[in-house]
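Colleague: Work out the full structure: start from the sequences and follow the hints.
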Amino acid sequence: MYRVGIDVGGTNTDAVVLEGKSVLAGVKASTTEDVTSGVLEALEKVIAASGIDRKKIAAVMIGTTHFTNAVIERRHMDEVAAIRLGLPSGAGLPPMVDWPDDLRDIVGNHGYQVKGGYEFDGRVLSPLDEDAIVRIAGDIRTKGLKAAAVTCVFSGINDAMELRTKEILQQQCPGLPVVMSKDIGRHGLLARESAAIMNASLLSLADRTVAAFGEALAAAGITCPFYITQNDGTLMAADVVRSFPVLTFASGPTNSMRGAAFLTGIKDAVVVDVGGTTSDVGSLSHGFPRQASTTVDIGGVRTNFRMPDVFSIGLGGGSLVVKTVSGVTVGPKSVGYRVRTDAICFGGTTLTATDIAVASNKADVGDRALVENLDHELVAAAMLKIDQMLEACVERSRISSTPVPVIAVGGGSILLPDRIGDLEVIRPENFAVANAVGAAIAQISGETDRVFSLIDGRTRESALAEAEAEAREKAIAAGAQAETLEVIEREDMPLAYLPGNATRIHVKVVGEMGAHHG
Amino acid sequence: MAEVRKLKYDEADLRILTVEDLDALEIGAGILGTGGGGNPYQGKLLALQAMKEGYEMKILATDRIEGDALCMSIGGIGAPVVGVERLREGREGLRCLRAMEELIQAPIDAMVCEEIGGANAINPLVTAALGGLPMLDCDGMGRAFPEMQMTTFSIYGHSSTPSVMCDLHGNAVIFSHAVSEVWHERMARACVVAQGGGAMLATAPMQAHYVHQYGIPKSYTKAIALGEAVIRARKAQQDPIAAVCALEGGRRVFNGKISDLKRHLRGGFAVGDIELTGFDDCAGQTAGVSIQNEFLIFRRNGQVEVTVPDLIVLLDVDTGYPITTEMLRYGQRVAVVAIPCHDLLRSARALDVVGPAAFGYPEITFSPLPAFAQKAA
Chain A
1 MYRVGIDVGG
11 TNTDAVVLEG
21 KSVLAGVKAS
31 TTEDVTSGVL
41 EALEKVIAAS
51 GIDRKKIAAV
61 MIGTTHFTNA
71 VIERRHMDEV
81 AAIRLGLPSG
91 AGLPPMVDWP
101 DDLRDIVGNH
111 GYQVKGGYEF
121 DGRVLSPLDE
131 DAIVRIAGDI
141 RTKGLKAAAV
151 TCVFSGINDA
161 MELRTKEILQ
171 QQCPGLPVVM
181 SKDIGRHGLL
191 ARESAAIMNA
201 SLLSLADRTV
211 AAFGEALAAA
221 GITCPFYITQ
231 NDGTLMAADV
241 VRSFPVLTFA
251 SGPTNSMRGA
261 AFLTGIKDAV
271 VVDVGGTTSD
281 VGSLSHGFPR
291 QASTTVDIGG
301 VRTNFRMPDV
311 FSIGLGGGSL
321 VVKTVSGVTV
331 GPKSVGYRVR
341 TDAICFGGTT
351 LTATDIAVAS
361 NKADVGDRAL
371 VENLDHELVA
381 AAMLKIDQML
391 EACVERSRIS
401 STPVPVIAVG
411 GGSILLPDRI
421 GDLEVIRPEN
431 FAVANAVGAA
441 IAQISGETDR
451 VFSLIDGRTR
461 ESALAEAEAE
471 AREKAIAAGA
481 QAETLEVIER
491 EDMPLAYLPG
501 NATRIHVKVV
511 GEMGAHHG
Chain B
519 MAEVRKLKYD
529 EADLRILTVE
539 DLDALEIGAG
549 ILGTGGGGNP
559 YQGKLLALQA
569 MKEGYEMKIL
579 ATDRIEGDAL
589 CMSIGGIGAP
599 VVGVERLREG
609 REGLRCLRAM
619 EELIQAPIDA
629 MVCEEIGGAN
639 AINPLVTAAL
649 GGLPMLDCDG
659 MGRAFPEMQM
669 TTFSIYGHSS
679 TPSVMCDLHG
689 NAVIFSHAVS
699 EVWHERMARA
709 CVVAQGGGAM
719 LATAPMQAHY
729 VHQYGIPKSY
739 TKAIALGEAV
749 IRARKAQQDP
759 IAAVCALEGG
769 RRVFNGKISD
779 LKRHLRGGFA
789 VGDIELTGFD
799 DCAGQTAGVS
809 IQNEFLIFRR
819 NGQVEVTVPD
829 LIVLLDVDTG
839 YPITTEMLRY
849 GQRVAVVAIP
859 CHDLLRSARA
869 LDVVGPAAFG
879 YPEITFSPLP
889 AFAQKAA
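Those protein sequence lines, which keep their order, are chains A and B.
So in my numbering, the last one in the first sequence is 518, and the numbering has no gaps at all.
So in my numbering, the last one in the second sequence is 895, and the numbering has no gaps at all.
Treat each hint with caution, since some may be false.
Derived Cβ-Cβ restraints for the label pairs, each shown as a range [said to hold, decoys possible]:
no., chain 1, residue 1, chain 2, residue 2, range
1, A, D105, B, E620, 40 to 46 Å
2, B, A764, A, I72, 35 to 41 Å
3, B, A889, A, D183, 50 to 56 Å
4, B, S865, A, T329, 52 to 58 Å
Straight-line distance between alpha carbons at most 20 Å, and here's what the computed EDC-like set of lysine to aspartate or glutamate pairs gives [as the list claims (entries may be wrong)]:
no., chain 1, residue 1, chain 2, residue 2
5, A, K267, A, D422
6, B, K780, A, E461
7, B, K570, A, D105
8, B, K780, A, D492
9, B, K570, A, D102
10, A, K474, A, D239
11, B, K780, A, E491
12, B, K570, A, D98
13, B, K570, A, D101
14, A, K146, A, D207
15, B, K775, A, D268
16, B, K775, A, D309
17, B, K736, B, D539
FYI, nobody ran anything at the bench for these hints, they're computed from the structure.
Please read all numbers here as calculations on a predicted model, not as lab measurements.
Glycine included, every Cβ here is placed at the ideal spot set by N, Cα and C.
Modeller: So this is what it looks like as structure tokens:
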């Protein structure tokens, strides 16, 4: 049986076919406005290139930056109601208080604060003001809002008020999608609330996108289940994405790093993914991307998703090379995906980083004769500049002084030299479609992150066990095989400045996908 | 209160803070937080909201106010990890201020900061702005400490009661008298748990001459300058850590990767140990940092080198941004910077309260860091 991985990026849609541990074929197609035709084209191309029987495809895994791009580009987002249960707590900091103004306007700035919420030890902070919820429901109908996001103070300890609010809203507004923050994020109200609001505003795009994926698969005659990769490189059933599009936000860099690890068999490395406009650099540790410790901005909004610690610089295959009085600059401006028409080596008139790589015999794309007449000094200076930029960001991402290899992936990785500082550069076969490979090999996870009160005989140990059981249950519900589950993250943080009666526990388990694995 | 309040300072001496100042203060307060003190982010958001509504945040030098002016310090009390989930209501501090004025039957002239390190740098600014008062440019710690009796104001004889503690629900608790500062801390700590793990606490007012004599001077100016230095160095792609050291007479004592991290809870405080494996000029060395909410002891190859109350600051090697104890994780690359504390924290009297022994290290004697000469440009 085969696994198909598809990466739907802003420019390209890549696809690969895997059989066990070997990549049978990898192809690139252009991403299309309707998504469907680009995915279909990539699928047909990869099936033809690998020569497989499409009936034997066991599962299709899709990675996409569609939802991240929607937020960054402020497109396809609906106006939604942002309801917080917790007054008088947070009265001075309304929902979306730390959002960029333009994004807050796009989702309509419909923030509501009502009484409700819990204390850290489970006591009620304020009883839920159900009448207020009914009034908000009226407002939602009047304004014609598309969805609602409900965030309750300490919903990680007790989710009853979020559930009750959803129930009232759906009684009053039949069919209204209601996102509950407890399903989205972790401890930390503002970041979790922001994620829930973004999620609500992306629901109809998620619906259309997942439908488009389904149509593409159906048109290709593929009937197996399909999955979508999330931030941590694990999978969600496609239908889950209809409800939780924000959980795909960081899947792009995660997939390319996991794909790099898979293609090389190396578990500790620095991965450089060079695209048309930017390069993403991150560290692999034990086969997984190293996670960022601080909050991560998505389109200017603070979130507390666990995301890979990826550093981006404006250097890609299409980066403009410009001679200035003080030397040569490379990027951040770029011709992007038009490199194949605009670059000099492809018969265009714009000097790009790719031309420099070809002129200095580092790469063999386009027509070398077209770049032979370039000023040699300029080429040498630009190449040196590119090397320096790459070395600086690789050095930044290195976890230790132990020399680890640098894995070069992405279409623009022809720019990389053979060594960066004291590190060897490895270019795996299929380097250009590492993202799709990362999607194809994704596993399934379950996660718990909340505060546990250590009362009524509950100890730190029993709370950890409880958290692990919850995480396992979530993973199994998401489609994992119970016997393959293993704990990859387990941490507890006692709540400082309080007597030892509460602790915040985070547990994550991952395992192989159920019945359909090959 | 009386309708006519005579100003005890000249308004021309006030420095009005800008949005940029607040951004810098957030970073500077984080650095001076020495790993603890809570995250100033939420306080900054409240301050920005207040600014939007037209309130002004005003800083005043301690020698530019009449000596008999009444100054009240205020700070947040509670668990930072609760505070990020159960946000403050926003006017707790103002209610403390009004309740205190009611209690002592006199108007307060200016506000004072207890702790410039972390969240409590910005909390009192918001109260001062809402109350229309200036903030004196000083604080009671010059850094962060876990407990209330650890301010220079308390150490040098000010009794912090009567005090007022207000939570987000609207409860106001008055501690009319505590027989010692430690008793006050103990009772307030018990009360904050009942209030849900977070509240604002205003302590008994002091006269401005006392604040001028015993406050750590120029705390706000310094914290803002520290933050500005980091922002400026990053923009110019220079080393932000060198910029921090140059400003505060500090020294980069170690470059290391976190190779082990232990954290647990003792008596309501997060305690733990970090082990660092050196790189660059520290390759081949190991170091340890002991934590009790803040970073307290720094050891190189097992030998104690820097101890509380001198400041031990962990900064992200690349960005220069401060790392708090909650942000610590395995594999992180950090620079350890040692900064000499103010002389007010180095007297025998102060060391009884904030020296290594006060944190359970009776075997360690405090040996003050020399002030490091600034590097020649």
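Colleague: Compare the structure with each hint and give your call.
Modeller: These are the hints, each one checked on the structure:
1. A:D105 - B:E620: 40 to 46 Å: Given a distance of about 43 Å, which is inside 40 to 46 Å, the answer is holds.
2. B:A764 - A:I72: 35 to 41 Å: holds, 37 Å
3. B:A889 - A:D183: 50 to 56 Å: holds, 54 Å
4. B:S865 - A:T329: 52 to 58 Å: holds, 56 Å
5. A:K267 - A:D422: With Cα atoms ~19 Å apart, K267 of chain A and D422 of chain A stay inside 20 Å; holds.
6. B:K780 - A:E461: Holds. K780 of chain B to E461 of chain A sits at ~16 Å (cutoff 20 Å).
7. B:K570 - A:D105: Holds, at roughly 17 Å.
8. B:K780 - A:D492: Within the cut-off at roughly 11 Å; holds.
9. B:K570 - A:D102: With Cα atoms ~17 Å apart, K570 of chain B and D102 of chain A stay inside 20 Å; holds.
10. A:K474 - A:D239: Holds - the C-alpha atoms of D239 of chain A and K474 of chain A are around 15 Å apart, at most 20 Å.
11. B:K780 - A:E491: Roughly 11 Å between the alpha carbons, so the hint for K780 of chain B and E491 of chain A holds.
12. B:K570 - A:D98: Given pair K570 of chain B, D98 of chain A holds - Cα atoms ~13 Å apart, limit 20 Å.
13. B:K570 - A:D101: holds, 13 Å
14. A:K146 - A:D207: holds, 13 Å
15. B:K775 - A:D268: holds, 16 Å
16. B:K775 - A:D309: Since the Cα atoms of K775 of chain B and D309 of chain A sit roughly 16 Å apart, the hinted pair holds (cutoff 20 Å).
17. B:K736 - B:D539: Roughly 15 Å between the alpha carbons, so the hint for K736 of chain B and D539 of chain B holds.
Checked against the numbered hints listed earlier, the structure breaks none of them; every hint is satisfied.
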